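*Asks:* Chain by chain, the residues:
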Amino acid sequence: MSTKGNSGTIIFALVVTTISAALLAAAATILKPAQDENVLKEKQQNILSLVGLTGPNDYKKFDELVQGVVIDDQGKAIEGVTAISLDLALEKKLQSKDPGYKVRYPLYIYKDPQGKVTYLLQMAGVGLWGPIWGYLALDQDGNTVKSAIFDHKGETPGLGAEINTDGFEMQFNNKKILNDQGQFVSVKVEKGKHDASMPHAVDAISGGTITSNGVSKMLQEDIAFYLRYIQNQTKPNQAL
Amino acid sequence: MSEVLVQPPAEKKSLLGKKERKLLTDPLSDNNPVTIQVLGICSSLAVTTQMKPTMVMAISVTAVVALSNFVISLMRNAIPPRIRIIVQLTVVSVLVILVDQVLKAYMYDVSKQLSVFVGLIITNCIVMGRLEAYAMGNKPYPSLLDGLGNGFGYGVVILTVAFVRELLGSGKVFGFKVIPDALYEAGYVNNGLMMIPAGALFVVACYIWIQRSFAKHLEEKE
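Read top to bottom, the protein sequences are chains X and Y.
Sequence positions in the first sequence follow the numbering used here and run 1 to 240.
Sequence positions in the second sequence follow the numbering used here and run 1 to 222.
To be clear, the hints were calculated from the coordinates, so they are not data collected in a lab.
Any given hint could turn out to be false.
[Claimed, not checked] Pairwise CB distance ranges, derived in the manner of DEER restraints: (1) Gln-67(X) - Gly-175(Y): 19 to 27 Å; (2) Lys-139(Y) - Lys-97(X): 49 to 57 Å; (3) Pro-197(Y) - Thr-144(X): 33 to 41 Å; (4) Asp-180(X) - Gly-119(Y): 45 to 53 Å; (5) Gln-114(X) - Gly-175(Y): 33 to 41 Å; (6) Ser-96(X) - Arg-82(Y): 19 to 27 Å; (7) Asp-180(X) - Val-178(Y): 29 to 37 Å; (8) Arg-212(Y) - Asn-164(X): 35 to 43 Å; (9) Asn-77(Y) - Asn-6(X): 15 to 23 Å; (10) Thr-18(X) - Leu-201(Y): 38 to 46 Å; (11) Leu-183(Y) - Asn-164(X): 22 to 30 Å.
[As the list claims (entries may be wrong)] Okay, derived cross-link-like pairs now, PhoX-like style, lysine-lysine, Cα gap no bigger than 20 Å in a straight line: (12) Lys-43(X) - Lys-139(Y); (13) Lys-217(X) - Lys-188(X); (14) Lys-139(Y) - Lys-18(Y); (15) Lys-61(X) - Lys-43(X); (16) Lys-153(X) - Lys-18(Y); (17) Lys-60(X) - Lys-43(X); (18) Lys-112(Y) - Lys-41(X); (19) Lys-43(X) - Lys-18(Y); (20) Lys-153(X) - Lys-217(X); (21) Lys-32(X) - Lys-18(Y); (22) Lys-188(X) - Lys-97(X); (23) Lys-43(X) - Lys-188(X); (24) Lys-176(X) - Lys-116(X); (25) Lys-102(X) - Lys-76(X); (26) Lys-116(X) - Lys-41(X); (27) Lys-111(X) - Lys-153(X); (28) Lys-97(X) - Lys-43(X); (29) Lys-32(X) - Lys-216(Y); (30) Lys-41(X) - Lys-139(Y); (31) Lys-153(X) - Lys-191(X); (32) Lys-111(X) - Lys-61(X); (33) Lys-153(X) - Lys-139(Y); (34) Lys-153(X) - Lys-93(X).
[To be verified] Listed below are several chain X residues computed to face chain Y (Cβ distance under 10 Å; list not exhaustive): (35) Val-16; (36) Gln-35; (37) Lys-93; (38) Pro-157; (39) Gln-183.
Note that the structure is predicted; figures quoted are calculated from it, not measured.
By construction, the Cβ of each residue, glycine as well, lies at the ideal position given by its N, Cα and C atoms.
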């Protein structure tokens, strides 16, 4: 067997690539279910952690614990799509390519044993180096933030990457998204100290300005979207 | 990219013993791929903020170097010289993708922390360096040992760096808090430099400094 000549070289290359392709295809097929499960599990755990459900097995009861709704830009629920399978980052990407695309958002509704409702919002945006995302728990009143978590793909360690630390996330607890007149003002991430007397802002990360601005923009855009649905929900209820 | 430096040619064959042990232990100190040959520096800077992902990275690199050395050594006489490098790359890539997929399936949180750096094992100069310098000219078994040795050599360095960085950067070791809260209250602060890749440069440099001050024979003669 000679692999020195042209035909030998080509045959050798073909054999190597065929074997490699077969190996990779087999591995991808076998491992896919376990990988998908990990991604789903992480998302469910993130959402549940907003309302303090951080038990290691809580995610298994995800469908019983929260109710998922997919909403459109008119603040109405859309049938036929499950919230958990909706990829918000992809929705936003489609919209940025085609302004006519009607972006859809997934919303999760949690009812505690006393029947009190918490809205769990999912958000997606961009930081300095790549995507950032987050989840935010909004109280029944459609105004008070109960908790928020953020994460990122590759923000600068020690700077922008700090958005996924408790220190940053805890600042959002008990902030308000509406002003005294009931208008939406969101929660801004800005420079300076922000205590309880400043309900619409939190302290940004020094050296992580672009990431902080990204979080601000994400909150502003995405909460506004959810608010239409949440206000549609709360108003008729009050009338009844 | 892979400047391969010193590599003693294969000597007399013996089954188990001194030569095999040397293959495993040499890369740990006197022929360390990171501190002596200065290969694989990129990932040593990137993945060493915490010990747990560093451990996984060390195991992944060791698996890739050892197995690719073994596979290439098996094929060494059949590989057409003209496509030698691309065949090596193919074997390395297949192994790296397999490692990445397995991590994603069974160690999801660690694989998230390591992010792109698992995929970048393909470009780790240690891997290609060992293939070119050793596996292409030696039998499968010694090649496997050589790969394991170099993987361990890499692992020792990055784990040391990670230990220093995690301890000084976040006050933890393997995720467990070791610096007491009392010290923080007394005004101690974590070193932010250790959390960014530049911190690893200092630690690697100190490692090399200390190593060379003990092993004088490594110093170049003027």
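*Asks:* Range first: 19 to 27 Å. Now tell me if the beta carbons of Ser-96(X) and Arg-82(Y) are that far apart.
*Replies:* Violated: the Cβ-Cβ distance is about 46 Å, outside 19 to 27 Å.
*Asks:* Between the beta carbons of Asp-180(X) and Gly-119(Y), is the distance compatible with 45 to 53 Å?
*Replies:* Given about 51 Å between the Cβ atoms, the range holds.
*Asks:* Going straight from one Cα to the other, do Lys-102(X) and Lys-76(X) come out at no more than 20 Å?
*Replies:* The given pair, whose Cα atoms are some 12 Å apart, holds under the 20 Å limit.
*Asks:* Would you mind confirming whether the straight-line C-alpha gap from Lys-153(X) to Lys-18(Y) stays at or under 20 Å?
*Replies:* 47 Å, violated
*Asks:* Within 20 Å, alpha carbon to alpha carbon, are Lys-32(X) and Lys-18(Y)?
*Replies:* With Cα atoms ~44 Å apart, Lys-32(X) and Lys-18(Y) exceed 20 Å; violated.
*Asks:* Take a quick look at whether Lys-41(X) and Lys-139(Y) sit within 20 Å of each other, Cα to Cα.
*Replies:* 45 Å, violated
*Asks:* Assuming the hint says 33 to 41 Å, is it satisfied by the Cβ distance from Pro-197(Y) to Thr-144(X) or not?
*Replies:* With a Cβ separation near 40 Å, Pro-197(Y) and Thr-144(X) satisfy 33 to 41 Å, so the hint holds.
*Asks:* Taking the CB of Gln-67(X) and the CB of Gly-175(Y), does the distance hold inside 19 to 27 Å?
*Replies:* Hint violated: Cβ distance 35 Å, outside 19 to 27 Å.
*Asks:* Given Val-16(X) was flagged as interface, is its beta-carbon under 10 Å from a beta-carbon of chain Y?
*Replies:* This hint holds: Val-16(X) lies near chain Y, its Cβ roughly 6 Å from the closest one there, short of 10 Å.
*Asks:* Would you check the hint for Lys-32(X) and Lys-216(Y), treating anything up to 20 Å between C-alpha atoms as holding?
*Replies:* Violated, at roughly 52 Å.
*Asks:* Checking one constraint from the list: CA of Lys-112(Y) to CA of Lys-41(X), max 20 Å. Satisfied?
*Replies:* Satisfied, since the Cα-Cα distance of roughly 14 Å is no more than 20 Å.
*Asks:* Would you mind confirming whether the straight-line C-alpha gap from Lys-61(X) to Lys-43(X) stays at or under 20 Å?
*Replies:* 13 Å, holds
In terms of the numbered hints stated before, the structure departs from hints 1, 6, 7, 12, 16, 19, 21, 22, 23, 26, 27, 28, 29, 30, 31, 33, 37, 39, listed from lowest to highest.
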